[in-house]
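J.: In case you want the letters, here they are:
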Amino acid sequence: MTPLEFDISLGLIAIFAGLLGSLVGLGGGVIIVPVLTLLYHIDIRLAIGASLVSVIATSSGAAVLYVRERLANLRAGMFLELSTTLGAITGAYVTTLLPTNALFVLFGLVLLYSAYAMLQRRSHSTPAKSSDDRLANFFRLHGSYYDHSEHREIAYKVVDTEKGMGLMYVAGMVSALLGVGSGALKVPAMDIAMRMPIKVSAATSNFMIGVTAAASAGTYFTRGQINPFIAAPIAIGVLLGAMIGSHLLKRMMPKYVQVLFIVVLVVVALEMLQRGVV
Amino acid sequence: MKDLMAEDGEAIIGWVLKIGVALSMVIILLGIVLFYVQNGGLATGSYQHFVATTVFPHDVGSLAASLQAGEGIGYIMLGIVLLVMTPVVRVAISALAFIYQRDKPMSAVTLVVLAVLVASFYIGILTR
Chain A
1 MTPLEFDISL GLIAIFAGLL GSLVGLGGGV IIVPVLTLLY HIDIRLAIGA
51 SLVSVIATSS GAAVLYVRER LANLRAGMFL ELSTTLGAIT GAYVTTLLPT
101 NALFVLFGLV LLYSAYAMLQ RRSHSTPAKS SDDRLANFFR LHGSYYDHSE
151 HREIAYKVVD TEKGMGLMYV AGMVSALLGV GSGALKVPAM DIAMRMPIKV
201 SAATSNFMIG VTAAASAGTY FTRGQINPFI AAPIAIGVLL GAMIGSHLLK
251 RMMPKYVQVL FIVVLVVVAL EMLQRGVV
Chain B
1 MKDLMAEDGE AIIGWVLKIG VALSMVIILL GIVLFYVQNG GLATGSYQHF
51 VATTVFPHDV GSLAASLQAG EGIGYIMLGI VLLVMTPVVR VAISALAFIY
101 QRDKPMSAVT LVVLAVLVAS FYIGILTR
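Chains as they are written, first to last, in the numbering used here: chain A, 1 to 278; chain B, 1 to 128.
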């Protein structure tokens, strides 16, 4: 395959990845890294570097919507960023100690967890009406949002901030190690541990992903692991795909597509595990 | 400006992010076009070889030199750097907004996050 064909095919796949990712709620990274490593046989660290750039592109590009809708809790998000960015730096350092095989295995495991989480779709927590969480009260992390389907402003209190911070630290590490947005870890951390409304958790997570990825991207960049010939077409493609996807998002995904996606996730997870173990 | 920051720093943040992304994309595209023009279309050879052997700048000095020489690759890297900076700028503006709102706890938190972000670039150099 010539460089030109490489760029074009990569761009097209990236558009598809961005589209699919925005419809299903997973970032492009989950699709991009396996595609780059398994299909194009690119060094996994270059794949991760490129994926981080695309994660930043979609997060920054989509942030406008969430901020305008006032869904994202910017205070809680920024507070939790303390953990995610520190986790990201830890991860960016740890990755220099890990053999490539370990990354493949870890990626496969995270994919399996994402598939499992999608299958579960357990009932979301009800918002807390009062909170004696000292951190949340001191930093005033509580908030409210307007729920369009219920046609009212819903106020909520944030609880268990310390647990949330611990989970966010892990999410940051995973993001730096694997080049993904870690939304699959962040949303449950906010929704289930801290009892923030699911719409708020999802919006805040989308908002946070960019900052976390930036903390990792810095290290990959200066280590020369962000190759422009890979990163550029991917970033552009994923952003385009996500933009198209967000306009299509009005409709809910039919169930069979979600099931199909879960199957694909499991298959790819097994492929990645195999790469790591063999 | 000060009032805008105090009341609705969020609006500025969203605006800045969108412009940052759009600008970086334009620069990247410009760089890609320039690169193809300067390197003869790249319709031959294997991409593996190309990816493995083509040199690209990844620190401030070589990036500046590449841009001065008008290299397409320099512009692509510049666009990527801008893109990576958008969340950092966003955090900086958040810090300013909290400071204008006289919110000491959140100002401190945001400034620490900003410091971590800046530090991350240096860590890359240290762990090479």
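Everything labelled a hint here was simulated from the structure, so no lab data went into it.
Treat the hints with care, as some may be off.
Ranges of calculated distance between the beta carbons of each label pair, as one might list FRET restraints [to be verified]:
#	chain 1	residue 1	chain 2	residue 2	range
1	A	His-148	B	Pro-105	28 to 34 Å
2	B	Gly-61	A	Tyr-146	48 to 54 Å
3	B	Gly-61	A	Ile-8	46 to 52 Å
4	A	Thr-126	B	Val-55	55 to 61 Å
5	B	Val-55	A	Leu-4	36 to 42 Å
6	B	Leu-67	A	Leu-4	21 to 27 Å
It should be emphasised that the depicted structure is a prediction, and the values quoted were computed from it without experimental measurement.
For every residue, glycine included, the Cβ atom is placed at its ideal position computed from N, Cα and C.
J.: Run every hint past the structure and note whether it holds.
T.: Right, here's what the structure says about each hint:
1. A:His-148 x B:Pro-105: 28 to 34 Å: holds (31 Å)
2. B:Gly-61 x A:Tyr-146: 48 to 54 Å: holds (50 Å)
3. B:Gly-61 x A:Ile-8: 46 to 52 Å: Roughly 32 Å apart at Cβ, these two residues miss the hinted range, so it is violated.
4. A:Thr-126 x B:Val-55: 55 to 61 Å: Given about 56 Å between the Cβ atoms, the range holds.
5. B:Val-55 x A:Leu-4: 36 to 42 Å: Violated: the Cβ-Cβ distance is about 19 Å, outside 36 to 42 Å.
6. B:Leu-67 x A:Leu-4: 21 to 27 Å: holds (24 Å)
Hints 3, 5 from the list above are not met by this structure, while the remaining hints are.
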